[in-house]
Amino acid sequence: MMHAATSFAAGLVFGAGLIVSGMSDPGKVIGFLDLAGNWDPSLAFVMGGAILVGVFAFRLARKRAQSFLGGAMRLPTSDDIDRRLVLGSAVFGIGWGLAGYCPGPALVSLGSGQDKGAWFVLAMLAGMLIYEAADRLVHAPRQAVHGE
Amino acid sequence: MIIDWNHFTPWTSLAGGVLIGIAAAMLVLLNGRVAGISGILGGMLAPKRTDIAWRVAFVAGLLAAPWAYLLFAPAVAPRIDAGFGTLIAAGLLVGLGTRYGSGCTSGHGVCGLSRLSPRSLVATGAFMAAGFATVYLVRHVFG
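So the protein sequences, as listed, match chains A and B.
If you count by numbering that gives the first Met the number 0, then the first sequence holds residues 0 to 147, one letter each, in order.
If you count by numbering that gives the first Met the number 0, then the second sequence holds residues 0 to 142, one letter each, in order.
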């Protein structure tokens with residue numbers, strides 16, 4: 000129960016950060032990705048601000064076997080740089096550039112009642128389900144990589 | 000390169016980024032979990048639905064955020080230029096790509112880079128490059 004409460008609070012703060020930073024505005028995201036047009040560099044500051052805090056948090060997390068609430072510390076273990084990492088990320092980038100939405104801001108947009116955000120989220124969930132189905136067809140049951 | 004000074008918001012973007020960093024810190028230090036949105040969603044759809052409560056709670060927090068924000072400041076109307084066809088295609092690509100590549104802007108871009116992970120640096124380079132190229136093609140070649 001405590002884990003759900005802190006997770007909800009983290010989601011709330013994360014969403015607030017997306018709104019305050021401008022990440023939840025697809026027009027601003029595309030303004031950042033439009034190097035050849037009127038370039039808006041703001042979103043580089045979002046990543047900078049987040050990593051500024053994140054570096055310290057993850058450095059502390061890595062030293063601990065358990066979280067402060069007592070659960071297991073689950074940090075990604077894979078360090079493979081392979082085709083699926085690069086190809087998957089590139090496909091994601093194409094979709095990101097087309098609409099200006101990545102997963103977090105799309106959920107915030109859905110939450111605020113934007114119908115366009117809702118359609119994007121439905122399509123995104125469909126894409127994830129297609130991945131799950133294809134993955135099961137191609138591979139024998141395999142340890143899924145969650146948490147990134 | 001022309002800078003769009005009218006839309007440039009270094010301070011609010013930095014402040015929002017710090018909030019995102021604090022949220023990622025809360026989730027990893029309190030729950031022992033990485034704040035990667037595509038991974039959190041994917042784990043809800045995967046056949047093995049273990050520890051689903053924290054995932055649902057985090058997503059609920061994201062969905063509630065715009066309403067909490069309204070308590071402090073007026074809503075800002077987002078600019079969404081994409082039509083429905085583009086939104087659907089983009090959503091499918093984002094869903095497929097983030098699962099195949101094991102992460103998105105939050106998991107690789109924020110948390111992975113904060114962990115100084117070379118794997119996440121490559122992923123972030125790949126999705127940024129693809130995003131730059133896509134907007135270039137849409138706006139300046141076919142636009």
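Source of the hints: derived by calculation from the structure; they are not laboratory data.
Fair warning: there could be bad hints in the mix.
Stated by the list, open to error - Heads up, incomplete: computed chain B residues facing chain A, CB under 7 Å, no partners named:
hint, residue
1, Ile2
2, Ile36
3, Leu92
4, Leu95
5, Thr97
6, His139
7, Val140
8, Gly142
All values reported here derive from a predicted model rather than from experimental measurement.
Beta carbons: idealized from backbone N, C-alpha and C, even for Gly.
- Query: Would the stated hint for Ile2/B survive a check requiring a Cβ distance to chain A of less than 7 Å?
  - Reply: holds (6 Å)
- May I ask you to test the interface hint for Leu92/B with respect to chain A, counting a Cβ-Cβ separation under 7 Å as satisfied? holds (3 Å)
- Classify the hint on Thr97/B as holds or violated, based on whether any CB of chain A lies nearer than 7 Å to its CB. Hint holds; Thr97/B Cβ to chain A Cβ min 5 Å, cut 7 Å.
- Message: Min Cβ distance, Ile36/B to chain A: is it shorter than 7 Å?
- Response: Holds. Min distance 4 Å.
- Against chain A, is His139/B within 7 Å by beta-carbon distance? Cβ of His139/B sits 5 Å from chain A, so the hint holds.
- Message: For the restraint on Gly142/B, tell me whether the closest CB of chain A is nearer than 7 Å.
- Response: With a minimum Cβ separation of about 9 Å from chain A (threshold 7 Å), the hint on Gly142/B is violated.
- Message: Given a cut of 7 Å on the nearest C-beta pair, is the interface hint for Val140/B held or broken against chain A?
- Response: Status violated, d = 10 Å.
- Taking the least C-beta to C-beta distance, is Leu95/B closer than 7 Å to chain A? Check passed: Cβ of Leu95/B comes within 4 Å of chain A, closer than 7 Å.
In this structure, the hints that do not hold are numbers 7, 8, in rising order.
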